[in-house]
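> The lines below spell out each chain.
Protein chains: 2
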Amino acid sequence: MKVLVVGANGQIGKHLVSMIQNSDNLEAKAMIRKQEQSAFFEDLGAETVLVDLEDDTSAIEKAFDDVDAVVFTAGSGPHTGPDKTMLIDLDGAVKTIKATQLAGVKRFIMISSFDTTREAIQAASSSFAPYVVAKHYADEKLRATDLDYTIIHPGLLTNDAGKGTVNAAPTVERDEVPREDVAHVILTCLEEVSTIGKEFQVVTGQKQIKDAIKAL
Amino acid sequence: MKVLVVGANGQIGKHLVSMIQNSDNLEAKAMIRKQEQSAFFEDLGAETVLVDLEDDTSAIEKAFDDVDAVVFTAGSGPHTGPDKTMLIDLDGAVKTIKATQLAGVKRFIMISSFDTTREAIQAASSSFAPYVVAKHYADEKLRATDLDYTIIHPGLLTNDAGKGTVNAAPTVERDEVPREDVAHVILTCLEEVSTIGKEFQVVTGQKQIKDAIKAL
Chain D
2 MKVLVVGANG QIGKHLVSMI QNSDNLEAKA MIRKQEQSAF FEDLGAETVL VDLEDDTSAI
62 EKAFDDVDAV VFTAGSGPHT GPDKTMLIDL DGAVKTIKAT QLAGVKRFIM ISSFDTTREA
122 IQAASSSFAP YVVAKHYADE KLRATDLDYT IIHPGLLTND AGKGTVNAAP TVERDEVPRE
182 DVAHVILTCL EEVSTIGKEF QVVTGQKQIK DAIKAL
Chain F
2 MKVLVVGANG QIGKHLVSMI QNSDNLEAKA MIRKQEQSAF FEDLGAETVL VDLEDDTSAI
62 EKAFDDVDAV VFTAGSGPHT GPDKTMLIDL DGAVKTIKAT QLAGVKRFIM ISSFDTTREA
122 IQAASSSFAP YVVAKHYADE KLRATDLDYT IIHPGLLTND AGKGTVNAAP TVERDEVPRE
182 DVAHVILTCL EEVSTIGKEF QVVTGQKQIK DAIKAL
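If you're matching them up, the sequences are chains D and F in order. Sequential numbering of the first sequence, starting at 2, is according to the working numbering. Sequential numbering of the second sequence, starting at 2, is according to the working numbering.
Rather than coming from a laboratory, the hints here were simulated on the basis of the structure. Any given hint might turn out to be false.
Just so you know, same-sequence chains aren't split out, so a pair can sit in one copy or run between any two.
To be verified - The calculated lysine-lysine pairs, modelled on DSSO-like cross-linking and capped at a C-alpha distance of 30 Å, are:
id, residue 1, residue 2
1, K142, K107
2, K142, K99
3, K107, K35
4, K142, K35
5, K199, K3
6, K3, K208
7, K63, K142
8, K63, K208
9, K35, K199
10, K199, K99
11, K208, K164
12, K99, K208
13, K35, K63
14, K3, K164
15, K199, K142
16, K164, K99
17, K63, K164
18, K3, K211
19, K35, K208
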């Protein structure tokens with residue numbers, strides 16, 4: 002099964018492509034924005050495809066050639082302004098959802114924010130609220146499709162080494178979670194069809210990732 | 002008929018409240034963000050209601066007490082950043098749409114941007130694109146409701162005195178349009194039920210506003 006990783010050059014994306022390439026049944030296609038980002042993925046033996054999420058839906062759709070599943074883990078990142086939040090986290094996500102539908106691909110895994118409810122928007126600080134709004138509408142768009150989606154809501158992302166264990170449920174207490182463990186959770190969702198149609202929060206915890214995901 | 006004007010303190014909003022107060026069959030309720038904005042509307046004999054569009058839907062819904070129609074002409078304005086574009090132009094609009102539905106009000110007039118199509122997002126400059134994205138999704142949300150909506154797409158807004166004449170059609174050539182004429186167009190849409198379910202672009206032109214709107 003070939004997995005298009007949208008946002009492959011992000012920190013979660015890099016962990017994920019590496020894990021996919023080391024798995025038995027999956028292979029990754031890394032969607033990247035710049036040619037100079039390709040070396041990392043070529044070293045892993047992963048295919049790359051150059052697409053800018055600010056391009057139109059048809060440009061994004063071209064990346065779906067020969068793809069069986071998509072993971073959206075792109076993020077405008079902390080160093081860009083809320084203009085990119087609008088163009089990448091919201092509109093880039095919605096265009097990717099549309100491209101997935103146009104390409105006839107069914108499986109879509111969305112890396113969302115920990116809490117994208119209406120209440121979370123109201124509770125967010127003024128600097129964080131635009132991001133929560135973007136993820137709220139992107140999640141809502143995905144839920145309204147007939148795609149085989151899973152929406153993952155990770156806690157506060159850290160660069161700590163993955164522990165291989167998490168706490169995952171529709172709602173959990175807010176906590177940190179290593180990006181490496183999030184990538185592992187995504188990989189597990191790709192392997193576990195039981196996660197289709199589900200969404201859950203995930204933070205660091207005591208349960209083996211495979212067990213935590215199967216128990217959802 | 003009482004009309005809730007959301008964004009009453011904006012330039013179009015002020016023209017509109019004034020026109021409504023001078024009309025025979027309509028009265029305005031000016032939704033404003035700050036108490037110190039109220040004097041202008043009190044001088045016109047218009048009711049005011051204090052609501053911040055960053056508040057939650059239930060706070061916005063309270064403004065709908067005794068209201069028969071709503072005009073959304075709020076805008077984050079040119080002096081705020083794209084964070085406010087997300088929170089006001091997109092999320093504020095969507096919350097207003099939901100509040101309208103919760104309040105059981107049917108008539109909704111949206112002041113959109115000239116072109117909010119997917120193509121317009123792609124063609125926009127990087128600084129303008131976030132605004133087009135916000136208006137694109139807000140318009141899309143409104144179309145998906147069963148509200149009696151009209152979506153007005155004005156051209157480049159100017160502070161020129163209104164001419165009383167415009168060019169209005171589903172698509173027209175891009176041009177300027179005085180804010181005062183846009184307010185006049187809104188007033189006419191409130192009076193003309195034939196505009197329900199329609200959306201159109203409007204720029205300065207040669208046709209009397211009432212005739213232009215009736216001909217849509």
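> If a hint holds in the structure, say so; if it doesn't, say that too.
Evaluated hints:
1. K142 to K107: Both, since 15 Å and 24 Å are each at most 30 Å.
2. K142 to K99: Both: 10 Å inside a copy, 16 Å across copies.
3. K107 to K35: within (27 Å within a copy, 48 Å between copies)
4. K142 to K35: Cα proximity of K142 and K35: one copy only (27 Å, versus 34 Å across).
5. K199 to K3: Answer is within; shortest intra-copy Cα gap is 21 Å, inter-copy 44 Å.
6. K3 to K208: Answer is within: at 28 Å inside a copy they meet the 30 Å cutoff, but 58 Å across does not.
7. K63 to K142: both (21 Å within a copy, 28 Å between copies)
8. K63 to K208: neither (39 Å within a copy, 46 Å between copies)
9. K35 to K199: Neither: 33 Å inside a copy, 43 Å across copies.
10. K199 to K99: both (20 Å within a copy, 26 Å between copies)
11. K208 to K164: within (10 Å within a copy, 70 Å between copies)
12. K99 to K208: neither (35 Å within a copy, 40 Å between copies)
13. K35 to K63: Within one copy only: 16 Å inside a chain, 49 Å across chains, cut-off 30 Å.
14. K3 to K164: within (26 Å within a copy, 61 Å between copies)
15. K199 to K142: both (15 Å within a copy, 24 Å between copies)
16. K164 to K99: neither (35 Å within a copy, 43 Å between copies)
17. K63 to K164: neither (36 Å within a copy, 49 Å between copies)
18. K3 to K211: within (21 Å within a copy, 58 Å between copies)
19. K35 to K208: neither (38 Å within a copy, 51 Å between copies)
The earlier numbered hints that this structure contradicts are 8, 9, 12, 16, 17, 19.
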